[in-house]
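Protein chains: 6
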Amino acid sequence: MYKSEKGQYLVEFLPYIKEFYGNTFVIKYGGSAMINDELKMAFSKDIALLKLVGINPIIVHGGGNEIGDTLKKLDITTKFHKGLRITDEKTMEVVVMVLAGKVNKEIVLNINRFGGRAVGLSGVDASIIKAKKLLLEDVDLGLVGDVEEVNPDILVNLSKNGYIPVVSPIGFDDAGSRYNINADTVASSIAQALQAEKLIYISDVDGVLDTENKLISEIKIKDIDKMIGSVLTGGMIPKVISAKEAIENGVKKVHIINGKKQHAILEEIFTDAGIGTQIVR
Amino acid sequence: MYKSEKGQYLVEFLPYIKEFYGNTFVIKYGGSAMINDELKMAFSKDIALLKLVGINPIIVHGGGNEIGDTLKKLDITTKFHKGLRITDEKTMEVVVMVLAGKVNKEIVLNINRFGGRAVGLSGVDASIIKAKKLLLEDVDLGLVGDVEEVNPDILVNLSKNGYIPVVSPIGFDDAGSRYNINADTVASSIAQALQAEKLIYISDVDGVLDTENKLISEIKIKDIDKMIGSVLTGGMIPKVISAKEAIENGVKKVHIINGKKQHAILEEIFTDAGIGTQIVR
Amino acid sequence: MYKSEKGQYLVEFLPYIKEFYGNTFVIKYGGSAMINDELKMAFSKDIALLKLVGINPIIVHGGGNEIGDTLKKLDITTKFHKGLRITDEKTMEVVVMVLAGKVNKEIVLNINRFGGRAVGLSGVDASIIKAKKLLLEDVDLGLVGDVEEVNPDILVNLSKNGYIPVVSPIGFDDAGSRYNINADTVASSIAQALQAEKLIYISDVDGVLDTENKLISEIKIKDIDKMIGSVLTGGMIPKVISAKEAIENGVKKVHIINGKKQHAILEEIFTDAGIGTQIVR
Amino acid sequence: MYKSEKGQYLVEFLPYIKEFYGNTFVIKYGGSAMINDELKMAFSKDIALLKLVGINPIIVHGGGNEIGDTLKKLDITTKFHKGLRITDEKTMEVVVMVLAGKVNKEIVLNINRFGGRAVGLSGVDASIIKAKKLLLEDVDLGLVGDVEEVNPDILVNLSKNGYIPVVSPIGFDDAGSRYNINADTVASSIAQALQAEKLIYISDVDGVLDTENKLISEIKIKDIDKMIGSVLTGGMIPKVISAKEAIENGVKKVHIINGKKQHAILEEIFTDAGIGTQIVR
Amino acid sequence: MYKSEKGQYLVEFLPYIKEFYGNTFVIKYGGSAMINDELKMAFSKDIALLKLVGINPIIVHGGGNEIGDTLKKLDITTKFHKGLRITDEKTMEVVVMVLAGKVNKEIVLNINRFGGRAVGLSGVDASIIKAKKLLLEDVDLGLVGDVEEVNPDILVNLSKNGYIPVVSPIGFDDAGSRYNINADTVASSIAQALQAEKLIYISDVDGVLDTENKLISEIKIKDIDKMIGSVLTGGMIPKVISAKEAIENGVKKVHIINGKKQHAILEEIFTDAGIGTQIVR
Amino acid sequence: MYKSEKGQYLVEFLPYIKEFYGNTFVIKYGGSAMINDELKMAFSKDIALLKLVGINPIIVHGGGNEIGDTLKKLDITTKFHKGLRITDEKTMEVVVMVLAGKVNKEIVLNINRFGGRAVGLSGVDASIIKAKKLLLEDVDLGLVGDVEEVNPDILVNLSKNGYIPVVSPIGFDDAGSRYNINADTVASSIAQALQAEKLIYISDVDGVLDTENKLISEIKIKDIDKMIGSVLTGGMIPKVISAKEAIENGVKKVHIINGKKQHAILEEIFTDAGIGTQIVR
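Residue numbers (our numbering), protein chains in the order written: chain A, 1 to 281; chain B, 1 to 281; chain C, 1 to 281; chain D, 1 to 281; chain E, 1 to 281; chain F, 1 to 281.
Bear in mind the hints are in silico, worked out from the structure with no lab data behind them.
Hints may contain errors.
Remember, identical chains collapse to one label, so a pair may be satisfied in a single copy or spanning two.
[Said to hold, decoys possible] Straight-line distance between alpha carbons at most 25 Å, and here's what the computed BS3-like set of lysine-lysine pairs gives:
(1) K214 <-> K6
(2) K130 <-> K220
(3) K72 <-> K90
(4) K132 <-> K244
(5) K3 <-> K260
(6) K6 <-> K253
(7) K40 <-> K82
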């Protein structure tokens, strides 16, 4: 019997589309997927598609390289402490320009080109992210902040009305200061505030790898503590810790996937096998 | 670069999903696609999927074979006039039982098994199809009817609330009679009343074939009259005439596709080439 | 002083109309009231009127005789076990045809003729009645089912939008089987799911009669157990037990009335004396 | 066959209730029906009932006798010109007290006692009736006014939310004056502003009588001009002229009925024969 | 730098407007502010303004002097017991006329002249204030009542739709009697039923004065009992007690201000210092 | 009589607040008002206040100086042609960073500090401003654009939900290019698309001055053509021409005011005299 191959592919997605209909996915977008042109286009299509099949994606983006490049062009030198950029007022101004201006608007434009209706916001807009200074014992990081409170009203409003919010990880406080906040943290906080079904980290690795460099498909949060220092090292540690916190606070599932693979996000969501590491209760 | 094959397939549907988002498709379901088990399952999945990606499908089904089978089992003999079954009251009762009972509920059950929320109705329910006796000069066809007026309120209400209406082609009149109406005609009338974007006839042939038996991909309604008697013959003539009437009254496009091909409806809708014949203004 | 006699009659209904405004009444329709033509018309008017004066009637119908008649015409013989028809797949097909096709659509048509906007559904439509096999120790009843779960969303939606749902007592399970369920049980389950104000059984007797054959106007549910075997016998026992269960699960009042009396339902609802037996907490 | 007499009466109203469902009726209430206690109770029940069966009644009341009585008790003497009370500021204050205070609140209280949710308003409230001085050539009538503009927003809002508006015929102008306006005129103006289905005048006579004192059941508006001076005399002339104006401006039908007959309004609305005179296009 | 003086004044109100946006204020209106023409205009403007800046004012008015004046003109003599007028049926009729007719409609007209959309109601309308006889041990006060239950639905409905309710302190009971109720009590009961942010008493004194006749700016409810008999005397005692009850039942703050001062209500609300006495938890 | 001075000031604004309630004002923000700290705070308060008193302000900002400063810091040199910066891709990137990043987010933060709920957008977000290349005969301006089409959906949605949109004048085209557009032009286009009641240009001059340097309070659009070259010179010419176009396309009134004066916008809106030049039909 003749069978439409394309139709066949499409109906294979049916159970997944049905399952996730009306769900909110918070997606941390960063790394190579935000740099390589082909990957940027693929990501934009993926997001536009998720919205059309009834999922509500909310994007939180990073922007590390771009900030460094612009600071360099402006001859502003900054110091780092344990990977965190010590941020004075002049640096902060550049952070805002790059994140909320350059990076955010490019993501928005790309998604819109594929039929999405993206709207770029920072944590300052509609007072989404109230922040506080990140306090370390030994050093003053300046305007590096942590999330104090998320006000997700506008994200809900925009999602409900068919828009795709794209959020820059900048916070504010009542004194009028703005803070540079880690994008993973912002994504996790927003996912918690929205009680999102999924929090997806798009990174530059396949996921969490075991000691033989093989991908671990699933991690239970109760096993995370003992994995720290063994299979979990470097930048993966804070990512997995914020994943754990998200799940403890109501997010259903966290995924870490490799943004270097085109359409990785669709393969992770719309197949049983998935492609990265998922972290569950 | 790694590229998710499945993801790639899915994003290819993006422009179509975007284009048809929120559209109403009236689908005449009949023939082999309603008999063969594998095709029935494929059709059910297709319809559930259309609903999930934002299209509002409305199904109108036929049921010719089933009616004949049941009449035969009940030892009721009927005569035909030019392909129309002369229908007395006793026969009409069987028509209603078979269409609104047997056939309709089976379609509903199958769609629901794949996550749709189908609701089976006849033209009597919520007074959807007001009918009148089909009058021929030479013969009294009994309770064979024609559509007088469509009241589509409940179809709109159900579609808007996430349900998939499945309609049996039975009409009523103010005197309390019920009429057996041709399903192609009912589908066309409902498509007109709803100003549907598409009216799709699922038949047992590939579409309209030319004199060399090659598929004609597109027919303009202005060319239909001169095609009658040449490429258009037999049962295809009333089908194409009701297609023409639909387009003249506001339906955007009519498709004739081969229900013997699995997922033909998805291939017709979600590819540029399509698979059958489309009739346009 | 001149006094409009008709007006006088109408205002006598005022306190009842006021009391029941916006209430949901689940009405089990069966027996002679569904067979005799004059009674059918009277019932249809009653239901149309209830809707117009602000009550939300939901009809659940039986169809015993019609099923037997059709099986006989089709030369299908079935056995009974304690009043329950052992139902194989072939028999089930006839049950669906007769209930959801013949009986349901006739009720719908009649109500609509008097200005109601009835919509006929089975428990399969919109997945209203999820069923399970009715398990007896000694015998396999085949596709005779019991209610597992009621999904009343569409009933609420239709009632709210001015329609009158008419439900055939057919259930489904996830494996795709359909079940023949006792209509009293379905009516009681739906009344519970909707937390209905009234559940009304239209039967062929005046109500529950005492040992001297006099009508008992009111029964408290705490007295039911001791009445079984004395005043409660035969088919009245399961009816009263399902009434008790309904009241224990939130239905306000259950009525058993004689459908052989024209407009019995109006007299029961709109007079203090009533006409049948009411069962209360 | 047993037939419930009460039920029978109720279903006789079915076609009328169906016909008028959701319609707006503006009812001018005055004369004996507003004085006699038994008639007052009957009227209140009638109005509460109309609301419950889906009609939106809006009451405009007069109050002639009560105004005269109170003026007399206060030793305020007034002159009349062609039946119109010449109204100075002091008199106007009494008019407002009697109409918006005494009469209005008594009507409201009575309707509420029978389960209606009446809300008393004057034309000053929510700026419903903007008025202008009624100018006569030969005499200054003081604060006797005519309707300049009706703002029916609050009447629509209250009706939609289940309330029954009861309106005193007092208008205002931008300079802060209040005007005493003929209640028939106000009822007609409101009926026009709401495009009401019916405007019903409750008077103290059976309707328009012919030269042999027999009731004329129906008058066409094209025949009104030639009836003036013959069958139409006295206070009936302005009443019929405002009826004509109402119909010319979109009101469907005007009724003149005898408020001395209990439940006359129900008999007029809910029977074919009616009881008074109806004026139609 | 040039600075717009008027603009400067306006922005000073910004924090207050922001704070009270969407809040409900119940305002007891009486005394000189209801008699003096200039004060009446100022009050009307104040109320219209409160509504426009997003506050929902609900007015409850008294009317003592006017009632006495009208009774006198009608030669009806009444006795007082501890400041309460012993009210027979004939007196009650005058109370209703004066409060719901004369006083209420004048307030409504004035507010509307400044662009408000006031709607005058009594406690009888929409059954807002169900009352009971105020029972004293030693004397029968007749139709003097106390609040039994407040049904605030219509007040919420009107406020939400942009109207300003103006309520006369008249109650009803199920037997059809009407009662004259103290306006302070009615205002407090409505404020409780609406869980109002503020209850504001407009009186003829600056507020509560201490033993040296100096204004007390703020009183905590825990201090009220010990103040009775010392700084609290005469008519101030019941006012402060109903204020205490209001706060104990959910009203945020009660204010007593001097209605003899023009725009006192604005000064109290829109400045930190305020102008009268506020009573708080 | 005591009169609250502050209250008096506030009620003077009553007629204006009433008049503009629910109106949309598009405000072009630029010049000194966007540079001086005191003026920035004053402007932020003004906007928060407008929103609270029921006006829907929509801000369009410029940013000329900031762009120049940043380009300079980055050692990017640009040429000008008749006041327009020739904009290559590298320059455009800086324009987006400065406008949508630095300037936009600072305005948003300041308004939010005074209780507004501002949301910063560019013309790229939600595809608000579709642009086309501004074509001059003699020179290629690069990515300097003109408005082709405004899609105001999100502005309406945000305004209706209590937010204050702040828009950067950047457009996009279907090929994915972004354009730098004159902020006066964008403000005028948005005002036309929204059929705004007012379009307000905040500039650095008092308004249009006559040949004796005296302010012209009002200009009719029919007089504009003959004023060009005489009283209208330099940058005022395009501003007044876009004002004329706005009024011809449905905007009610255009105002040019001096942003160097604190609260000029309030004085212009809330006083009869105003403070700048208004342009009317």
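Within, between, both or neither: K40, K82 at alpha-carbon 25 Å: Answer is neither; intra-copy 29 Å and inter-copy 37 Å both fail.
Homo-oligomer pair classification [K6, K214; C-alpha up to 25 Å]: This pair counts as between: shortest inter-copy Cα distance 23 Å, intra-copy 33 Å.
Copy assignment of K72 with K90, given that the CA separation must stay at most 25 Å: Close inside one copy (13 Å) and across copies (16 Å); limit 25 Å.
Same-copy or cross-copy closeness of K3 to K260 [CA-CA at most 25 Å]: between (33 Å within a copy, 9 Å between copies)
Status of K244 relative to K132 across identical chains (alpha carbons, at most 25 Å): Intra 22 Å, inter 40 Å, cutoff 25 Å: intra-copy only.
Up to 25 Å CA-CA - K220 versus K130, copy category: Classified as neither: same-chain Cα gap 31 Å, cross-chain 34 Å, threshold 25 Å.
Within, between, both or neither: K6, K253 at alpha-carbon 25 Å: Answer is between; shortest inter-copy Cα gap is 22 Å, intra-copy 30 Å.
The structure fails to meet hints 2 and 7 from the earlier list, while all remaining hints are met.
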